[in-house]
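Protein sequence lines correspond, in order, to chains U and V.
The numbers in the first sequence follow our numbering, run straight up by one, and end at 434.
The numbers in the second sequence follow our numbering, run straight up by one, and end at 1464.
Simulated from the structure, these hints should not be mistaken for lab results.
As the structure is a computational prediction, the values presented were derived from the model and not from experiment.
It cannot be assumed that every hint is accurate.
Stretches of chain U that chain V covers, calculated by requiring three or more beta carbons in the stretch to come under 8 Å of a beta carbon on chain V [claimed, not checked]: (1) 180-187; (2) 300-306; (3) 372-386.
Only part of the chain V face toward chain U is listed, based on derived beta-carbon distances under 8 Å [claimed, not checked]: (4) Pro1328; (5) Ala1358; (6) Gly1419.
The C-beta atom is built at its ideal place from N, Cα and C for all residues, glycine as well.
These are the residues of each chain, in order.
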Amino acid sequence: MTEILERRACISGIGQSEVGRRLGRDPLDLTLDACLAAIEDAGLTRERIDGLATYPGAVGGAPGFSGAGITEVHDALRLSLRWYSGGIELPGQLGAVVNACLAVACGLADHVLCFRSVWEGTAQGKGRRAGIGLPSDGGGGAPFRPSGMMEWSLPFRAYSAANWIALCAQRHFHEFGTTREQLAWIALNARRNAARNPRAIYREPMSLEDYLAARMISTPLCLFDCDVPCDGATAVIVSRREAARDLRRRPIGVEAVGTAIRGRPSWDQWDDLTTMAARDAAAMLWERTDLRPADVDVAELYDGFSFITLAWLEALGFCGKGEGGAFVAGGERIALAGQLPLNTHGGQLSGGRLHGYGFLHEACVQLWGEGGARQVPGRPQVAVAAAGGGPLAGCLLLTGPE
Amino acid sequence: MSQAPERPFRLKPRVTAANEHFWRGGREGELRFLCCRACRTYVHPPAPRCPACLAKDLAPEPVSGRATVHSFTLNHQPWVPAPDHPYAIAVVELDEQPGLRLMTNVVGCPAEAVHVGMRVRVVFENHDDDVWFPLFEPEARARP
Chain U
33 MTEILERRAC ISGIGQSEVG RRLGRDPLDL TLDACLAAIE DAGLTRERID
83 GLATYPGAVG GAPGFSGAGI TEVHDALRLS LRWYSGGIEL PGQLGAVVNA
133 CLAVACGLAD HVLCFRSVWE GTAQGKGRRA GIGLPSDGGG GAPFRPSGMM
183 EWSLPFRAYS AANWIALCAQ RHFHEFGTTR EQLAWIALNA RRNAARNPRA
233 IYREPMSLED YLAARMISTP LCLFDCDVPC DGATAVIVSR REAARDLRRR
283 PIGVEAVGTA IRGRPSWDQW DDLTTMAARD AAAMLWERTD LRPADVDVAE
333 LYDGFSFITL AWLEALGFCG KGEGGAFVAG GERIALAGQL PLNTHGGQLS
383 GGRLHGYGFL HEACVQLWGE GGARQVPGRP QVAVAAAGGG PLAGCLLLTG
433 PE
Chain V
1321 MSQAPERPFR LKPRVTAANE HFWRGGREGE LRFLCCRACR TYVHPPAPRC
1371 PACLAKDLAP EPVSGRATVH SFTLNHQPWV PAPDHPYAIA VVELDEQPGL
1421 RLMTNVVGCP AEAVHVGMRV RVVFENHDDD VWFPLFEPEA RARP
């Protein structure tokens, strides 16, 4: 087998800003908090950061979708960079971290600061959650006319990813008999774990009855199947392994990444709505390692909507195709002390929509054994972090510090 | 073809030479997709080349407008004000070709009656003689 180049990379530090529903803070300020925390955590100084990577970069989109781009962070920290990359056309949100792994593996940089920053809570204000692509000001002047990918969904009143994922979930319900009572456990498990995470946004207990009584958003998804917009930033340092030897921490290994997409890059034209692109990214991940799903000690799987986690569980082979509902039902298997502890920080459903990077951060917390009240028992050695729904998907398999 | 009676707010697409056949086919009561003259593959969304054989010889062609609901969701959330929540969003697959799919709305029946596998046919919702939105209604529905 050719060398699995991403194994030349490791994660040497992590950081997170204050996280809240509506902090009213400057998003660049939050971003720098997370970046500086990660640099300090690694035992580095900003002079030694020579790479910078982010998703999605300085782009438009829903209000608060991007808290800072490459240029702003570069300049604010007066970094001296050998390599940088920011963009949205990537294998999911964690694609920026994969890019960083490849950059250090190729010797383009030694220590890449990777960040993701959101301020959707504050930007969307006290109004209802904004749908994707629907300008809150009505577009101003000429009427807003969607084009590109949005041309095929917004005119049919499918304004939000909630609608698009609901179409996937409903197809799964139809093909496999999945039920709301089963899907509920993604949300209930997240809330149960959030209660042990002081940074999580929603920490009060939630019961199955609470879930089933919640107002519907887009069938079969109710309010508690949707993540909570928030303000916050997350950063990780991806280092070249040889360059990380003298650092404060024993680094976390990058065992394999999954970035494949083999179907049409579309929410509604994807060949199998029940799998989404997670199918291909996950399959590729296992092609690049001798580890198997049974070796995974903790799973941090994207839950922008609960159904996405179900799809990742199946895609990664923790259960068979179509068996995700039965796998999570009752919540025992996926509990902190269960067979596959899942979304141990509360996910985005209860922890806040940090857009993929919260899962990677939490995977590192667990592998370093620093989860406190939510630490998975028995010192986990292998973790998977995955992000993205619909046609977006990317995942990383991580191994504990040697 | 008949027109759907209710006309909720809709965002109109940017109509161009590349997509006009789709968004204005309803003026003639036709649902049209680009079709490859070389290999007869229907192409959606519109593209400059046939994705199957890469030929450039594509032209709009009407289809039957008969389709099957592949999946659906009833939207309850008032993203924009509307009098008809919940309404049905669906992905339908046209009879002409496996995988020839479209996101759309199912109208002309209670939203709760929509189900996977439901047989539907196209109906157009004319907005300002500018865009004719292709929606779908139950095939079994009696025409007035």
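Results for each hint:
1. 180-187: holds (count 5)
2. 300-306: That given contact holds, which follows from 4 residues of the region 300-306 of chain U lying within Cβ reach (below 8 Å) of chain V.
3. 372-386: With 0 residues close enough to chain V, the hint is violated.
4. Pro1328: holds, 7 Å
5. Ala1358: violated, 21 Å
6. Gly1419: Given a least distance of 7 Å, the restraint on glycine 1419 of chain V holds.
In this structure, the earlier hints numbered 3 and 5 are contradicted, and the remaining ones agree with it.
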